[in-house]
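4 protein chains.
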Amino acid sequence: MFVLVNLKAYPCDPVEVAEAARDVADASGVRIAVAPQAAHLDRVAATGVETWAQHVAPVAHGSHTGHTLAEAVADAGAEGTLLNHSEHRLKLADIDGALDAADRAGLETVVCANNPDQVGAAAALGPDAVAVEPPELIGGDVSVSTADPGIVEGAVAAASAVDPDVDVYCGAGVSTGEDLAAAADLGAEGVLLASGVAKADDPRAALEDLVSGV
Amino acid sequence: MFVLVNLKAYPCDPVEVAEAARDVADASGVRIAVAPQAAHLDRVAATGVETWAQHVAPVAHGSHTGHTLAEAVADAGAEGTLLNHSEHRLKLADIDGALDAADRAGLETVVCANNPDQVGAAAALGPDAVAVEPPELIGGDVSVSTADPGIVEGAVAAASAVDPDVDVYCGAGVSTGEDLAAAADLGAEGVLLASGVAKADDPRAALEDLVSGV
Amino acid sequence: MFVLVNLKAYPCDPVEVAEAARDVADASGVRIAVAPQAAHLDRVAATGVETWAQHVAPVAHGSHTGHTLAEAVADAGAEGTLLNHSEHRLKLADIDGALDAADRAGLETVVCANNPDQVGAAAALGPDAVAVEPPELIGGDVSVSTADPGIVEGAVAAASAVDPDVDVYCGAGVSTGEDLAAAADLGAEGVLLASGVAKADDPRAALEDLVSGV
Amino acid sequence: MFVLVNLKAYPCDPVEVAEAARDVADASGVRIAVAPQAAHLDRVAATGVETWAQHVAPVAHGSHTGHTLAEAVADAGAEGTLLNHSEHRLKLADIDGALDAADRAGLETVVCANNPDQVGAAAALGPDAVAVEPPELIGGDVSVSTADPGIVEGAVAAASAVDPDVDVYCGAGVSTGEDLAAAADLGAEGVLLASGVAKADDPRAALEDLVSGV
Numbered sequence: 001m002f003v004l005v006n007l008k009a010y011p012c013d014p015v016e017v018a019e020a021a022r023d024v025a026d027a028s029g030v031r032i033a034v035a036p037q038a039a040h041l042d043r044v045a046a047t048g049v050e051t052w053a054q055h056v057a058p059v060a061h062g063s064h065t066g067h068t069l070a071e072a073v074a075d076a077g078a079e080g081t082l083l084n085h086s087e088h089r090l091k092l093a094d095i096d097g098a099l100d101a102a103d104r105a106g107l108e109t110v111v112c113a114n115n116p117d118q119v120g121a122a123a124a125l126g127p128d129a130v131a132v133e134p135p136e137l138i139g140g141d142v143s144v145s146t147a148d149p150g151i152v153e154g155a156v157a158a159a160s161a162v163d164p165d166v167d168v169y170c171g172a173g174v175s176t177g178e179d180l181a182a183a184a185d186l187g188a189e190g191v192l193l194a195s196g197v198a199k200a201d202d203p204r205a206a207l208e209d210l211v212s213g214v
Numbered sequence: 001m002f003v004l005v006n007l008k009a010y011p012c013d014p015v016e017v018a019e020a021a022r023d024v025a026d027a028s029g030v031r032i033a034v035a036p037q038a039a040h041l042d043r044v045a046a047t048g049v050e051t052w053a054q055h056v057a058p059v060a061h062g063s064h065t066g067h068t069l070a071e072a073v074a075d076a077g078a079e080g081t082l083l084n085h086s087e088h089r090l091k092l093a094d095i096d097g098a099l100d101a102a103d104r105a106g107l108e109t110v111v112c113a114n115n116p117d118q119v120g121a122a123a124a125l126g127p128d129a130v131a132v133e134p135p136e137l138i139g140g141d142v143s144v145s146t147a148d149p150g151i152v153e154g155a156v157a158a159a160s161a162v163d164p165d166v167d168v169y170c171g172a173g174v175s176t177g178e179d180l181a182a183a184a185d186l187g188a189e190g191v192l193l194a195s196g197v198a199k200a201d202d203p204r205a206a207l208e209d210l211v212s213g214v
Numbered sequence: 001m002f003v004l005v006n007l008k009a010y011p012c013d014p015v016e017v018a019e020a021a022r023d024v025a026d027a028s029g030v031r032i033a034v035a036p037q038a039a040h041l042d043r044v045a046a047t048g049v050e051t052w053a054q055h056v057a058p059v060a061h062g063s064h065t066g067h068t069l070a071e072a073v074a075d076a077g078a079e080g081t082l083l084n085h086s087e088h089r090l091k092l093a094d095i096d097g098a099l100d101a102a103d104r105a106g107l108e109t110v111v112c113a114n115n116p117d118q119v120g121a122a123a124a125l126g127p128d129a130v131a132v133e134p135p136e137l138i139g140g141d142v143s144v145s146t147a148d149p150g151i152v153e154g155a156v157a158a159a160s161a162v163d164p165d166v167d168v169y170c171g172a173g174v175s176t177g178e179d180l181a182a183a184a185d186l187g188a189e190g191v192l193l194a195s196g197v198a199k200a201d202d203p204r205a206a207l208e209d210l211v212s213g214v
Numbered sequence: 001m002f003v004l005v006n007l008k009a010y011p012c013d014p015v016e017v018a019e020a021a022r023d024v025a026d027a028s029g030v031r032i033a034v035a036p037q038a039a040h041l042d043r044v045a046a047t048g049v050e051t052w053a054q055h056v057a058p059v060a061h062g063s064h065t066g067h068t069l070a071e072a073v074a075d076a077g078a079e080g081t082l083l084n085h086s087e088h089r090l091k092l093a094d095i096d097g098a099l100d101a102a103d104r105a106g107l108e109t110v111v112c113a114n115n116p117d118q119v120g121a122a123a124a125l126g127p128d129a130v131a132v133e134p135p136e137l138i139g140g141d142v143s144v145s146t147a148d149p150g151i152v153e154g155a156v157a158a159a160s161a162v163d164p165d166v167d168v169y170c171g172a173g174v175s176t177g178e179d180l181a182a183a184a185d186l187g188a189e190g191v192l193l194a195s196g197v198a199k200a201d202d203p204r205a206a207l208e209d210l211v212s213g214v
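Residue numbers (UniProt numbering), protein chains in the order written: chain H, 1 to 214; chain C, 1 to 214; chain X, 1 to 214; chain B, 1 to 214.
Be careful, since some hints might not be right.
Claimed, not checked - Some but not every residue of chain H turned toward chain C, in silico, with C-beta under 10 Å:
(1) V15
(2) A27
(3) R31
What the hints assert, rightly or not - With a cut-off of at most 25 Å between alpha-carbon atoms, the simulated SDA-like pairs for lysine to any residue come out as follows:
(4) K91/C <-> G29/H
(5) K91/C <-> K91/B
(6) K91/C <-> H61/H
Just so you know, these hints were derived from the structure itself, not from any lab. Ideal Cβ positions, reconstructed from N, Cα and C, are used throughout, including at glycine.
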């Protein structure tokens, strides 16, 4: 299982979370990455944790002001990037373009989508993975195992039908080790988390509980 | 073959083109539809020609100002709608939502895309058809048979791999009967045209030449 | 006072509301306009009521698919257009471009904004009027006279400081004759309404009550 | 005069340009700032040069993935931010929201606009400065003194009429000391540059030539 911790624009200390993620990954052997604000990539990568960007723009080097260049986030230490998160929906053509940009910069990619049809569409664009974010689970306390688990199975089936090489992650409804185990049982090969770790009183303890489910 | 004439925001007389399309469709037996501005749907549909919208929004009845409601265009006579045209790119989630809206309103759907990967992605969302618009052909004088024909074949293969029920149209590089025949040879089951008819001195003659390729 | 009834994407019969608005305007001498979906402009204008568009795009005649052309809505009978409604926010440069488009097509313009600063900004672009939509009043039952009335006075002051020729309308919190009188007392020269008329059991009665406040 | 060097997404070494800018600013006494990619803010600020962001989003701390948080860029060393650059146009309401975000984070602000009307609108939102980018000068070799200089004077007049405290910068058509002097003569209190420095063979020499015009 891959655990990707999205720090969004939360008021957490990105380095504190990064150090906890690095230590828990080292101790447990579970792959954990942290996706901070672009302006914090440098310092997060300096902790040694696997570092991801939250977004890259569908652009190459050139006249693009205020758009996040894939090469720049890679240069700052990012090894992968989220794309099309439900808080940053992209045009279909721009997901395609951003995947090209990420490839040029050597970034691994996860494209988010909120139902099996969109998961299939995202998979057709050739990312490394897709993340299904069941709308009823985003930002909530409902676990993926108690909410309709069929959406994760549907996502796995949809991605597999289009391209069996594309992994499926569960992008919402995971905050405990039990949730993570439930996601794995449904066929997910990774999970996206945010507030469960970033807003936890003790991010390290939250991560330890989480990886106990692997 | 299906011939869909997109009037865009051209300064043509939509009723004149509609009447020509109706007459040529009747005389030739080729299916021809006309997609005018939303404000012109009523008068175009009144000619008896098959009438399409250029876009519908991913919304249902409700508080949505200035967004084109699928039910309203159907009410004005539209039988189908383009979506995600290269001049009106949509977010992946909004293509999905607009397809739902079109289904509710009973509209046939064609989702545009500009390469085989995006065609596959669009097909995964379950439209009636996808239209591939090779970027090098959009708005130009180069025919699809002289430019790289592989992109149409690639689009047909990509759509078919995802969902064999989704038709593929050629969305650029068609202006003559010869081009239309070339598109059909490459596996397209329809073509999108715009300036070749809408800006022609004699739209009726342009359409007659076109359908001679069927 | 100018009363502009925005039908949004509501499931009302646009012709029924238009005929009611026409009759109430005739009987009361109050200027009333109706803004339907673009696809319904033709039939609304045919009733004889003053007809407005909900939006026009910042484009001229040309290759623009699915964008609402100012000339087309004018052609279908629109005499004015809303722009930048809170349900259809536009880029600053596009408000400017859409105002140019509306001018070319002979359309009167109202630019919406949700606080005095934005009203001042909108006024600087030279529309005929701006409409202030206090966020706490949008779509609600709270009247502008009981909610903070300072925002309307602030909008009137902001517009006047930038361009005294720009009228200020009250874009939310008006549903009764009393509300309309309160808006006029605060300096508004018009009101925007939507659900209060479009979703009323008896749109005619709702309009009659409303104009009783003039 | 304030000289703001926008590195856009150019393939330059941001630290090399930053060091040159710092040294030329120190030697000349002219205020010079550098605006790199968000992911490069840390290392640019570490050089000691005044550092700016290219954009911040209209959001506060919270669930916002992939949007540039004002507090994060300030934390990484930014002292100011561009907004609404012609390569990143924003909705009117979002310029207003991004100015609020920048204020909360203690960032100085420059809002770009491409004609005097939009400059007036931007000024009404209360930024520290506005930058006028005459479209015919963006990215080109034509200097502001040989192209229509009236647009800069018009921008200065428009901003001053709305709010005399808002400075006006010239956002295009400046690459030499002569251009800078011409911009100052037209009433600009600063200039925005990009390729003239970022793509120069010798950025230091380019900056030295530039400040010779003060």
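Against the structure, the hints come out as follows:
Violation of the interface hint for V15/H is found here, the shortest Cβ-Cβ separation to chain C being roughly 33 Å, above the 10 Å cut-off. Annotation: interface hint on A27/H violated; nearest CB of chain C at approximately 38 Å, more than 10 Å. The interface hint given for R31/H is violated, since its Cβ lies 27 Å from the closest Cβ of chain C, which is over the 10 Å cut-off. For a cut-off of 25 Å, the pair hint linking K91/C to G29/H is broken: about 37 Å separates their Cα positions.
At most 25 Å may separate the alpha-carbon atoms for a hinted pair to count; K91/C and K91/B meet this at roughly 17 Å. Of the pairs offered as hints, the one joining K91/C and H61/H holds, with about 23 Å between alpha carbons and a cut-off of 25 Å not exceeded.
The structure shown violates the earlier hints numbered 1, 2, 3, 4.
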